[in-house]
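Novice: The residues making up each chain are set out below.
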Amino acid sequence: MVSYRVWILGIVLILSIISIAPWAAFESGVMIKSVEKNSTEFESGLRSGMIITEIDSNKISNLEEYSRYVSNLTFTDNEPQKISIKANSNYFVFLKDSPLSITVENIPKTRLKTGLDLSGGARALIKPENISLDDSQIGDLVAITTERFNVYGLKDISIRPVKDLGGENYLLIEIAGATPSDMEDLISNQGKFEGKVGNITAFSGGKNDIPHVERSGAQAGIDGCYANQGGGEYCTFRFGITLSEEAAQRHADITSNLSISTENPEYLSEKLNLYLDDNLIDSLFISKDLKGRVTTQISIQGSGSGSDRAAALKDAEANMKKLQTILITGSLPYKLKIVKLDTISPVLGKEFVNNLLKLGLIVFGVISLVLFIRYRKIKLTLAVILTMFSEVLITLGIAALIKWNLDAPSIAGIIAGMGTGVNDQIVIIDESESKKSSTLKQKIKNAFFIIIGAFFTIFAAMLPLFWAGAGLLRGFALTTLICVTVGILITRPAFAEILRKIKE
Amino acid sequence: MEEQKTNTPTPEANKKNWFDKNYKLLMLLPILLTLSAVIYLGFFYYSHNHEILLKDVSLSGGTMITLTVGSDTINFEEFKITLEQKSALRGADVSLRKLTDIGTGKLMSIIVESSSNSEELKGDIESILGYALTNDNSSIEFSEPSLGKNFFNQLMWALFIAFILMSIVIFVMFRTFIPSIAVIFSAFSDIVVPLAIVDFFGVKLSAAGIAAFLMLIGYSVDTDILLTTRALDPKQTREGNLNQRIFGAFKTGILMTSTAIFAVLPAFLIVTGLPDSFRQIFLILALGLFADLIFTWMANAGIIKWYCDKKGIR
Numbered sequence: 254m255v256s257y258r259v260w261i262l263g264i265v266l267i268l269s270i271i272s273i274a275p276w277a278a279f280e281s282g283v284m285i286k287s288v289e290k291n292s293t294e295f296e297s298g299l300r301s302g303m304i305i306t307e308i309d310s311n312k313i314s315n316l317e318e319y320s321r322y323v324s325n326l327t328f329t330d331n332e333p334q335k336i337s338i339k340a341n342s343n344y345f346v347f348l349k350d351s352p353l354s355i356t357v358e359n360i361p362k363t364r365l366k367t368g369l370d371l372s373g374g375a376r377a378l379i380k381p382e383n384i385s386l387d388d389s390q391i392g393d394l395v396a397i398t399t400e401r402f403n404v405y406g407l408k409d410i411s412i413r414p415v416k417d418l419g420g421e422n423y424l425l426i427e428i429a430g431a432t433p434s435d436m437e438d439l440i441s442n443q444g445k446f447e448g449k450v451g452n453i454t455a456f457s458g459g460k461n462d463i464p465h466v467e468r469s470g471a472q473a474g475i476d477g478c479y480a481n482q483g484g485g486e487y488c489t490f491r492f493g494i495t496l497s498e499e500a501a502q503r504h505a506d507i508t509s510n511l512s513i514s515t516e517n518p519e520y521l522s523e524k525l526n527l528y529l530d531d532n533l534i535d536s537l538f539i540s541k542d543l544k545g546r547v548t549t550q551i552s553i554q555g556s557g558s559g560s561d562r563a564a565a566l567k568d569a570e571a572n573m574k575k576l577q578t579i580l581i582t583g584s585l586p587y588k589l590k591i592v593k594l595d596t597i598s599p600v601l602g603k604e605f606v607n608n609l610l611k612l613g614l615i616v617f618g619v620i621s622l623v624l625f626i627r628y629r630k631i632k633l634t635l636a637v638i639l640t641m642f643s644e645v646l647i648t649l650g651i652a653a654l655i656k657w658n659l660d661a662p663s664i665a666g667i668i669a670g671m672g673t674g675v676n677d678q679i680v681i682i683d684e685s686e687s688k689k690s691s692t693l694k695q696k697i698k699n700a701f702f703i704i705i706g707a708f709f710t711i712f713a714a715m716l717p718l719f720w721a722g723a724g725l726l727r728g729f730a731l732t733t734l735i736c737v738t739v740g741i742l743i744t745r746p747a748f749a750e751i752l753r754k755i756k757e
Numbered sequence: 638m639e640e641q642k643t644n645t646p647t648p649e650a651n652k653k654n655w656f657d658k659n660y661k662l663l664m665l666l667p668i669l670l671t672l673s674a675v676i677y678l679g680f681f682y683y684s685h686n687h688e689i690l691l692k693d694v695s696l697s698g699g700t701m702i703t704l705t706v707g708s709d710t711i712n713f714e715e716f717k718i719t720l721e722q723k724s725a726l727r728g729a730d731v732s733l734r735k736l737t738d739i740g741t742g743k744l745m746s747i748i749v750e751s752s753s754n755s756e757e758l759k760g761d762i763e764s765i766l767g768y769a770l771t772n773d774n775s776s777i778e779f780s781e782p783s784l785g786k787n788f789f790n791q792l793m794w795a796l797f798i799a800f801i802l803m804s805i806v807i808f809v810m811f812r813t814f815i816p817s818i819a820v821i822f823s824a825f826s827d828i829v830v831p832l833a834i835v836d837f838f839g840v841k842l843s844a845a846g847i848a849a850f851l852m853l854i855g856y857s858v859d860t861d862i863l864l865t866t867r868a869l870d871p872k873q874t875r876e877g878n879l880n881q882r883i884f885g886a887f888k889t890g891i892l893m894t895s896t897a898i899f900a901v902l903p904a905f906l907i908v909t910g911l912p913d914s915f916r917q918i919f920l921i922l923a924l925g926l927f928a929d930l931i932f933t934w935m936a937n938a939g940i941i942k943w944y945c946d947k948k949g950i951r
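Going down the list, the protein sequences come from chains H and D.
Heads up, the first sequence is in the numbering used here, so the first residue is 254 and it goes up one at a time.
Heads up, the second sequence is in the numbering used here, so the first residue is 638 and it goes up one at a time.
Just chain H, with the same shape it has in the complex (with noise of 0.2 Å):
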């Protein structure tokens, strides 16, 4: 009869192994990174999280695959294509006549997802200089952040607020795989927008002023590439705005009291001056006819300028993405400060997980040779061995389960998470060998004293690290007490019945 502890430890194994699922190695295709929101693609159904396996009948195993077919794709302007994919088993069709606006990887080989310093990336922790916000305030941030990430067209994003010991909150935005080198600026920019003809302001960035802003199509785009006079180029950019009713009433207030320019005849005598974050980045001339008339279209303009054409084709394109990015997410009511910036190199981190491979083979290696020399008994060994093993692969499981980033802390405590299971596990064979006439169950139970205590000073020892450091280092607690939790309930009742079996 086997008991029903070995049961609940077998079950909750084949669970874990199903929540790794280490099977996704054999499959092929490629997994969609992200799908560009109001695009074809999006409306025909493709998701994130989708394998593509075939296009237009073309089997696709791998990302090699993938790339080399997407590349010999030629389109046309105006001339739509039709583009089948088949994911998840379903076909998706659409008309596209410019690139794909979907990203893809390989499949990942399991469930796990490593932290940034294992896999690369990029990590910001943010507070805003001189205040402390509250908890919806940080909510709005994140919102806001979130926007302004997503309308750069960053994607694989995580951006989430996080609480220290002390109470404070902050912004966490970690960014996996190659990092975009305008982070900083990105993350640290206000973006404080404001609309001034003279000293008054017309209209700010945000929604209450501006409720539309074109991206593309006609109304959105480059004008046209320069020389400089004194070397290099520059490119001119221009995209219309759609003003809400009282910001173009208060424009026309301003402007019925303006007088006809001198100079400039056709031109009201004051500007319209947009700055961002209390720089002065365009001017326009406001035309006489648009003197008291109350608009709400009206047209941005900008340029950007580089070494050669393509580089100011890039500066153009940039700052158009960025003032667009203001206008339409609003303005901070605060300055933000990169209080931490880490970018870790994804090669670096391949090396780092190998390393961690080999390191956990060799421990468990050592592991099972000083066991095994101690009590020279094989099957005792290989039941240490086997729960020690158990426990490592549960705590995957429910790392996997809830989607935790396992970084090198967490790797860390895991390992510690295992040592304590090691020690509790002698604890039991050494109790129950130990020479009294007391039952094995005594025996057992004597062992559990021990084994809960001990449980109870790594709970206790670990809790505060959840909030401590605005949690960078939750990793190492969660795993630790995940593995130690795991052992207490699961793997050592299993293991003294297991024990209880090799000696009969």
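Rather than coming from a laboratory, the hints here were simulated on the basis of the structure.
Heads up, some of the hints might be wrong.
To be verified - Distance condition first, Cα-Cα at most 27 Å in a straight line; then the derived DSS-like pairs of lysine-lysine: (1) Lys449/H to Lys460/H; (2) Lys524/H to Lys449/H; (3) Lys872/D to Lys756/H; (4) Lys759/D to Lys611/H; (5) Lys756/H to Lys888/D; (6) Lys632/H to Lys888/D; (7) Lys888/D to Lys754/H; (8) Lys694/H to Lys947/D; (9) Lys696/H to Lys735/D; (10) Lys590/H to Lys759/D; (11) Lys416/H to Lys786/D; (12) Lys603/H to Lys872/D; (13) Lys947/D to Lys888/D; (14) Lys888/D to Lys698/H; (15) Lys603/H to Lys888/D; (16) Lys588/H to Lys759/D; (17) Lys743/D to Lys611/H; (18) Lys656/H to Lys694/H; (19) Lys366/H to Lys335/H; (20) Lys590/H to Lys872/D; (21) Lys656/H to Lys611/H; (22) Lys603/H to Lys449/H; (23) Lys574/H to Lys524/H; (24) Lys872/D to Lys759/D; (25) Lys786/D to Lys588/H; (26) Lys694/H to Lys872/D.
Claimed, not checked - Per label pair, the in silico range of CB-to-CB distance: (27) Asp393/H to Phe797/D: 43 to 53 Å; (28) Ala769/D to Lys567/H: 13 to 23 Å; (29) Ser673/D to Ile626/H: 28 to 38 Å; (30) Phe797/D to Ser536/H: 51 to 61 Å; (31) Arg727/D to Ala480/H: 35 to 45 Å; (32) Pro464/H to Lys735/D: 54 to 64 Å.
To be verified - These stretches of chain D come out as covered by chain H in the derived footprint (C-beta under 8 Å, 3 or more residues): (33) 776-786; (34) 917-931; (35) 940-947.
Note that the structure is predicted; figures quoted are calculated from it, not measured.
Virtual Cβ for every residue (Gly too), placed ideally from N, Cα, C.
Since chain H is already given, all that's left is putting chain D on it; use the hints.
Specialist: Showing chain D alone in chain H's frame:
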């Protein structure tokens, strides 16, 4: 075979006699060790601007750049001197460490820590190397000094809270004053002795390193719990006299601690190229485990023996 009486002159029995005679003397070493560690830490505190430990940039603020050396050859000493000169011009202090492959002795990566901001330090390194630092060849970590200070204070609070919580657990478990205090003293020493050692060797601690001290609180007391439980044997379910019970606990405890030490050592001796935070956690655990051997089996065992003798627990 099953029934070994204390008056049988076996090697084990001789050990017990020896322990009976010398346990008070044995307690002297750990007490002296803790005392010197505390004195050293006090001395360190006053000589290091009221700091109890050396902080790395994650706790003091500044930039840490990890350079992957790869296939190119960098003369570490030359690189170090040039970078130090450049930083001195700006009044920034800089410290360098190198990681070499244990097998081949090849330079694998260089870790530069500086009080400068990341742009300044990056610029200096790029001008020496003659190529740009990219996502492929380097990792950059920057912390504001104010944040580092905040982190450090919080981790210290976490350490304090963890210690108090652990003490409560111990008191609830044993419900007797002296044995509980003995366990807490042992845990306290398991922290201060490794701390004094890392301070002595000038190891700069990271946030992860301090987290390791928290772990140590949980990790080191399990052998103490084992010893105290077996020695006191409140339910009288165990066989053998006090010395036999202490010796039995000793056999189990030594195996526990040594497997833990064996599990931690490969991170230093066999596998290179592990994340720095990871290595530091393991270094502190290893030191703590060694300290634990002394404090559990010389100090705590002595106190328990003394206590049991006084209380007539045999």
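Novice: Could you check the hint for me, namely that Phe797/D and Ser536/H are 51 to 61 Å apart, CB to CB?
Specialist: holds (59 Å)
Novice: Tell me if chain H covers the stretch 776-786 of chain D under the three-residue, 8 Å CB rule, please?
Specialist: Coverage by chain H holds here, the residue count being 8 at a Cβ distance below 8 Å.
Novice: Do the alpha carbons of Lys603/H and Lys888/D lie within 27 Å of each other, as the hint requires?
Specialist: violated (41 Å)
Novice: Between Lys656/H and Lys611/H, is the straight-line Cα distance small enough, at 27 Å or below?
Specialist: Roughly 24 Å between the alpha carbons, so the hint for Lys656/H and Lys611/H holds.
Novice: Would the hint linking Lys603/H and Lys449/H be met if the CA-CA limit is 27 Å?
Specialist: violated (51 Å)
Novice: For a C-alpha distance cap of 27 Å, please report whether Lys888/D and Lys698/H respect it.
Specialist: Measuring from Cα to Cα gives roughly 20 Å; hence the hint holds.
Novice: Taking a Cβ-Cβ distance under 8 Å as contact, does the stretch 917-931 of chain D have three or more residues in contact with chain H?
Specialist: Our answer is that it holds, as 3 residues pass the Cβ test (under 8 Å) against chain H, meeting three.
Novice: Below or equal to 27 Å on CA atoms is what counts here, so check Lys743/D against Lys611/H.
Specialist: It holds: about 19 Å lies between the C-alpha atoms, which stays within 27 Å.
Novice: Holds or violated: Lys588/H and Lys759/D, Cα atoms, limit 27 Å.
Specialist: holds (26 Å)
Novice: Need the status of pair Lys696/H, Lys735/D: alpha-carbon distance at most 27 Å?
Specialist: With a Cα-Cα distance of about 51 Å, the restraint between Lys696/H and Lys735/D is violated, given a limit of 27 Å.
Novice: Does the structure keep Lys416/H and Lys786/D at a Cα separation of 27 Å or less?
Specialist: With Cα atoms ~16 Å apart, Lys416/H and Lys786/D stay inside 27 Å; holds.
Novice: Is 28 to 38 Å respected by the C-beta to C-beta distance linking Ser673/D and Ile626/H?
Specialist: Hint holds: Cβ distance 35 Å, inside 28 to 38 Å.
In summary, the structure is inconsistent with hints 4, 8, 9, 12, 15, 18, 19, 20, 22, 24, 27 and 35 from the numbered list given earlier, while agreeing with the others.
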